[in-house]
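Protein chains: 2
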Amino acid sequence: MPTATDTALLDQYKTRIVAALESDNLDPIEDLFRDQLSVADMAHLLESIPSRLRDVLWGYIDEDLQGEVLANLHEDIQQGILKRMSPEEFVETTQDVDADDLADLLQQMPVKSSSQALLLMPHDSRRKVEGLLAFPEDTAGGLMNTDMISVRADVTIETVLRYLRKKQLPTPFDVIWVVDRESRYLGSLAVSKLLQSKPEQIVESVMADTPQAIPATADEEEVAQIFERYDLVSAPVVDESGLLIGRITVDDVVDVIIETADHNMMSMAGLDEEDDPFAPVVRSSRDRAVWLGINMATAFIAAAVMSRFEASIAQIVALAVLSPVVASMGGIAGSQTLTLMIRGMATGHITRANLSWMIMRELGVGLINGSLWALVIGSITVIWYGELSLAMVIASAILVNICIAVLSGTLLPFFLKSVDVDPALSGSVILTTLTDVFGFLTFLGLATIFLL
Amino acid sequence: MPTATDTALLDQYKTRIVAALESDNLDPIEDLFRDQLSVADMAHLLESIPSRLRDVLWGYIDEDLQGEVLANLHEDIQQGILKRMSPEEFVETTQDVDADDLADLLQQMPVKSSSQALLLMPHDSRRKVEGLLAFPEDTAGGLMNTDMISVRADVTIETVLRYLRKKQLPTPFDVIWVVDRESRYLGSLAVSKLLQSKPEQIVESVMADTPQAIPATADEEEVAQIFERYDLVSAPVVDESGLLIGRITVDDVVDVIIETADHNMMSMAGLDEEDDPFAPVVRSSRDRAVWLGINMATAFIAAAVMSRFEASIAQIVALAVLSPVVASMGGIAGSQTLTLMIRGMATGHITRANLSWMIMRELGVGLINGSLWALVIGSITVIWYGELSLAMVIASAILVNICIAVLSGTLLPFFLKSVDVDPALSGSVILTTLTDVFGFLTFLGLATIFLL
Chain U
1 MPTATDTALL
11 DQYKTRIVAA
21 LESDNLDPIE
31 DLFRDQLSVA
41 DMAHLLESIP
51 SRLRDVLWGY
61 IDEDLQGEVL
71 ANLHEDIQQG
81 ILKRMSPEEF
91 VETTQDVDAD
101 DLADLLQQMP
111 VKSSSQALLL
121 MPHDSRRKVE
131 GLLAFPEDTA
141 GGLMNTDMIS
151 VRADVTIETV
161 LRYLRKKQLP
171 TPFDVIWVVD
181 RESRYLGSLA
191 VSKLLQSKPE
201 QIVESVMADT
211 PQAIPATADE
221 EEVAQIFERY
231 DLVSAPVVDE
241 SGLLIGRITV
251 DDVVDVIIET
261 ADHNMMSMAG
271 LDEEDDPFAP
281 VVRSSRDRAV
291 WLGINMATAF
301 IAAAVMSRFE
311 ASIAQIVALA
321 VLSPVVASMG
331 GIAGSQTLTL
341 MIRGMATGHI
351 TRANLSWMIM
361 RELGVGLING
371 SLWALVIGSI
381 TVIWYGELSL
391 AMVIASAILV
401 NICIAVLSGT
411 LLPFFLKSVD
421 VDPALSGSVI
431 LTTLTDVFGF
441 LTFLGLATIF
451 LL
Chain S
1 MPTATDTALL
11 DQYKTRIVAA
21 LESDNLDPIE
31 DLFRDQLSVA
41 DMAHLLESIP
51 SRLRDVLWGY
61 IDEDLQGEVL
71 ANLHEDIQQG
81 ILKRMSPEEF
91 VETTQDVDAD
101 DLADLLQQMP
111 VKSSSQALLL
121 MPHDSRRKVE
131 GLLAFPEDTA
141 GGLMNTDMIS
151 VRADVTIETV
161 LRYLRKKQLP
171 TPFDVIWVVD
181 RESRYLGSLA
191 VSKLLQSKPE
201 QIVESVMADT
211 PQAIPATADE
221 EEVAQIFERY
231 DLVSAPVVDE
241 SGLLIGRITV
251 DDVVDVIIET
261 ADHNMMSMAG
271 LDEEDDPFAP
281 VVRSSRDRAV
291 WLGINMATAF
301 IAAAVMSRFE
311 ASIAQIVALA
321 VLSPVVASMG
331 GIAGSQTLTL
341 MIRGMATGHI
351 TRANLSWMIM
361 RELGVGLING
371 SLWALVIGSI
381 TVIWYGELSL
391 AMVIASAILV
401 NICIAVLSGT
411 LLPFFLKSVD
421 VDPALSGSVI
431 LTTLTDVFGF
441 LTFLGLATIF
451 LL
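Order-wise, the sequence lines are chains U and S.
Residues 1 to 452, numbered by UniProt numbering, are exactly what the first sequence covers, in order.
Residues 1 to 452, numbered by UniProt numbering, are exactly what the second sequence covers, in order.
Please keep in mind that the hints were generated in silico from the structure rather than gathered at the bench.
Where hints are given, some of them may not hold.
Stated by the list, open to error - Restricting the straight-line Cα-Cα distance to at most 30 Å, the calculated cross-link-like pairs of lysine-lysine (BS3-like) are: (1) S:K198 / U:K166; (2) S:K193 / S:K166; (3) U:K193 / S:K128; (4) U:K166 / S:K167; (5) S:K193 / U:K193; (6) S:K166 / S:K198; (7) U:K166 / S:K193; (8) U:K167 / U:K193; (9) U:K193 / S:K417; (10) U:K167 / S:K198.
All chains should be built: construct the whole structure from the sequences, respecting the hints.
In structure tokens form, the structure reads like this:
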């Protein structure tokens with residue numbers, strides 16, 4: 001089966017499918033799905049069309065491949081398909097799916113169906129999957145697979161080679177794990193080393209003591225950082241007593257990295273990284289309405305602050321025109337700092353250890369940029385309205401608001417994390433509320449004191 | 001050398017270094033750097049402290065390791081260190097660095113120094129590096145390494161095994177490439193397959209025809225999508241005539257994925273993904289000032305629109321209080337769509353082929369959410385100001401602005417991409433300008449027509 005490694009080719013397929021679905025002549029789809037697509041391609045195409053048309057495409061996928069395709073889909077879309085599958089169909093469809101993917105799929109099903117499905121599975125796979133389900137999905141234990149090769153440290157290379165000829169070897173196969181008599185993890189033996197050692201050499205004499213084992217309870221984002229930092233392809237997972245219980249491979253880590261990045265980006269707009277861009281309109285509207293509602297509330301908080309100064313605005317209408325400028329400069333300066341902090345905290349570069357440096361830096365940046373833009377915006381105001389006192393009021397408000405913004409942008413994500421709230425999700429709303437409220441307060445407050 | 005696989009441990013080191021740098025007793029640093037840290041850890045720690053203190057740490061890094069540490073740093077920080085290195089020092093420091101990393105480093109240097117450095121390199125590495133420098137950094141050719149193992153299709157497994165014993169094998173070593181007599185890429189031979197084949201078997205009879213070769217000119221983001229979609233650990237790179245010229249490994253692809261994700265997230269706040277969070281305050285201020293300036297310009301455009309209605313605002317001050325609410329609801333709705341589009345276009349799920357579906361969907365979402373929040377905000381306005389006509393004006397403005405916002409959010413990234421402008425960087429500024437301007441125009445315009 002040739003795979004479409006070419007994005008342009010995949011896009012051609014998409015155009016053909018869209019045309020076929022719209023013209024109701026479905027033959028081109030049958031041709032495509034019969035022998036031109038890999039499972040990854042099929043999953044990608046299913047993800048690229050509106051949800052109501054997915055059932056049509058799903059029907060064209062060879063039954064032997066449906067399980068693999070299912071495992072390759074976004075969670076949101078998996079749930080849609082799984083909802084319409086009986087436990088019997090599920091077990092039938094997924095018989096060739098790896099244990100770790102199977103465990104993930106089961107977690108997308110209603111508890112009742114998934115426990116029924118477990119009972120219907122062959123004993124061997126059921127035992128494997130149940131072992132994996134014991135770990136939360138977002139930990140090293142939830143990421144690992146139990147298909148791995150381990151050998152004892154005290155055997156010869158020849159023994160290892162003989163052993164490997166008889167086993168089913170997992171992919172990717174770049175390294176095997178070395179354990180002691182009790183299955184405790186000791187180190188690794190790279191396949192390249194294995195190929196270049198003499199048959200009579202003992203494993204212990206050629207093995208490496210890296211990579212360090214990852215505890216099954218480690219958070220998946222920590223796992224991703226370890227893989228990235230040490231350029232790993234696979235890593236051993238151990239339980240609390242150091243026993244080797246599985247391995248994590250880089251393909252699953254890549255998925256974690258992409259999900260985390262998507263999460264940070266999507267959360268800042270109040271979206272969920274698993275949201276299907278082609279979900280039904282009503283469901284998308286509902287999902288996004290919550291975020292709009294929260295933002296409406298914060299907009300009305302700011303409006304309420306402004307309305308306290310209606311008397312001042314009635315006298316000097318320029319205040320109404322210039323207030324949004326003050327609020328927005330604070331919002332922009334704060335969101336720059338917030339983004340920098342969220343990224344730095346995600347990569348582990350910014351922690352409590354160097355937070356005080358970060359605060360000093362950002363305050364410095366805030367003072368410099370605050371002064372600069374206070375001057376610029378003050379000058380524009382003089383030219384526009386010809387009033388020096390108004391210019392001085394707006395300049396002071398800009399400086400104060402930008403400094404408040406960068407300080408909030410630095411401290412807010414730490415505070416939110418310490419109370420277990422996701423800074424990427426709530427940070428920007430809270431920050432904008434702060435910069436709007438303080439922007440209006442300082443500008444309209446100073447104006448009321450000095451201009452009226 | 002034990003590696004710190006533990007994020008908590010790395011953070012302990014950071015605390016110790018911060019304390020040492022602040023107390024001027026540098027002994028703990030020397031202890032740490034002498035034998036407890038991997039090159040990846042050293043790079044991470046260097047990235048986590050203010051730029052002015054980096055020279056102190058750099059001095060503690062063993063000279064044999066400095067090249068590797070340098071290759072592990074962010075571009076921004078590499079440039080800082082490279083600027084202070086003579087071409088002689090550079091060649092001396094980087095003699096153990098891989099050719100692909102060396103090529104990347106040379107591209108961070110001023111042209112004059114890098115060409116001097118090339119002349120000083122040993123003939124062999126210079127030839128390799130010059131070959132890699134021929135490809136732009138952000139293509140498959142720029143990502144690939146020339147250290148790889150390839151064998152002919154017509155030899156026996158025994159011959160391959162004998163050949164591998166003599167060669168220096170690259171990491172990760174999971175697959176070898178199969179080529180014809182002219183070095184054209186034919187397919188791959190997994191090391192697991194190699195270990196399980198009989199010595200007398202011919203490579204051709206056990207090789208696989210996947211993965212497909214990647215053209216050297218392919219864009220790095222396309223390479224990342226291919227690796228992600230097909231779970232690859234390494235992939236072959238060919239020139240325009242199909243000759244095998246290198247291989248790309250997953251660790252470099254992980255870096256591309258992280259950079260792309262960082263780019264999308266950071267650009268939306270006008271930041272560069274290579275920016276060093278601990279750069280000197282003045283430089284950071286300068287970098288961020290540009291973005292604040294652009295946003296100030298857009299804020300004044302919106303203010304200018306509002307000022308056209310000063311007469312109306314003077315009569316009904318509530319308009320000043322409510323205008324920012326209209327503008328901000330549009331901004332939020334639009335940025336949700338924009339974020340979804342930027343992500344979907346990055347993963348290849350949204351292309352011209354299915355754009356019309358996307359427009360219909362988003363317009364549907366806009367109409368539903370626009371109507372919902374028009375109703376809610378209209379009701380709040382009635383309760384707050386007790387004026388039905390004002391409520392109807394703001395409700396209409398909310399509906400119109402949210403629809404304009406989602407349409408702009410859908411079309412803008414496509415338009416920007418077609419004129420070769422990065423949607424992640426410019427999309428949100430342009431979008432906010434549109435939603436502010438149209439928010440003020442519709443709300444204040446309708447108010448002027450119907451309320452005065």
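Subject >> Hints the structure fails to honour >> reply: 9
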